[in-house]
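Peer 1: All chains, please: the whole structure from these sequences, using the hints.
Residues 1414 to 1726 in the working numbering are what the sequence shown lists, from first letter to last.
The set of hints was computed from the structure by calculation and includes no laboratory data.
Note that the Cβ used here is the ideal one computed from N, Cα and C, for glycine as well.
Possibly wrong hints are sitting among the right ones.
[Stated by the list, open to error] Quick list of the computed label-pair ranges, beta carbon to beta carbon: (1) Ala1424 / Ala1484: 19 to 25 Å; (2) Phe1701 / Lys1506: 49 to 55 Å; (3) Ala1611 / Thr1638: 18 to 24 Å; (4) Gln1694 / Gly1662: 50 to 56 Å; (5) Ala1702 / Ala1583: 26 to 32 Å; (6) Gly1560 / Ala1685: 22 to 28 Å; (7) Gly1581 / Thr1645: 39 to 45 Å; (8) Ser1508 / Ala1424: 35 to 41 Å; (9) Asp1683 / Asp1504: 35 to 41 Å; (10) Leu1639 / Arg1682: 38 to 44 Å; (11) Leu1569 / Ala1702: 44 to 50 Å; (12) Gly1560 / Arg1439: 23 to 29 Å.
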Amino acid sequence: MGMDVLGDVLAMARVDASLMATFDARAPWAIELPARRGASFHAVIAGTCWLTTDSAPPRHLAPGDLVLLPAGARHQLATDPALPTRRFDEDLKRSLISPDGELVLDGPGARTRILCAGYSYQTDIAHPVLSLLPPVLHVATAQPESGPWLRSVLDLLAHETRSGAATGSATAAVRLLDLLLIHVVRTWLDTDDGTTSASWLRGLRDPLTAHVLAVLHERPGHDWTLDTLAATVNVSRATLARRFTRQVGEPPLTYLTRWRLNLAARKLRDTALPVAAIAHQVGYTSEFAFSRAFTRAHGRPPGRYRRLTATNG
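Peer 2: Shown next as structure tokens:
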């Protein structure tokens, strides 16, 4: 159930993947990738390298390792972290790109092949996914539980990036990057030691909280009370309130209100439904009450929000 919630929020935040580059490098080499809006993603297909960030010591990456930098922090990739780096910018990209679209770093040493991608997402969503993750999320496909699945997706992604553009490989690669993001977050949820701050994402690790989140996401427009919600998940009101608040950081009905208003924002952006219909769909019987709550959450009334997002989109 929890992963349905993850899918809902990824869709809500409009997390979009794009393949930025395929590095084919021979040692020695070292590049610096500047900070970017969104997340940075690297998958080592062959060979090894070192990843260095400002917030952590260098870490060694082996074939099958996946690294996600959720906030798009500045970082370096190198065969040796002591090497001076070349800044990866548009000029360097143009000078290095090969006729088949790969970025080639020539040298006399061992070969390393890395898929580099990015994830962009809407920053005005109250429940972003990537900003709740650690600054560097390192997943190895050698892990016994999730490793085989991740490796299968990674192998298919590597195949698609070697395919011709006329075969739909670019579209397939983006879809696989979407799938990899879900797998990477799922692996983190399974292995996190529970020391992360309370959030809905942490709540997915707790069976009861995940169940409650799934119920709320499945029926956001229902007239939920703490009593009816507790009865639905077969626990007492006190247990529900205590567990949910400890894991998520806010009470269940507070979370529901926030989620309803995010759903409403998406409907205002993506549909032509009247405001009154949207209000009803997300659980408000009064358009006035909905408009007041929406304005508090998003800084402007529903109608103005719709006009502004239509203009900016």
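Peer 1: Against the structure, test the hints numbered earlier, and report the numbers of the ones violated in rising order.
Peer 2: Structure breaks hints 4, 5, 6, 10.
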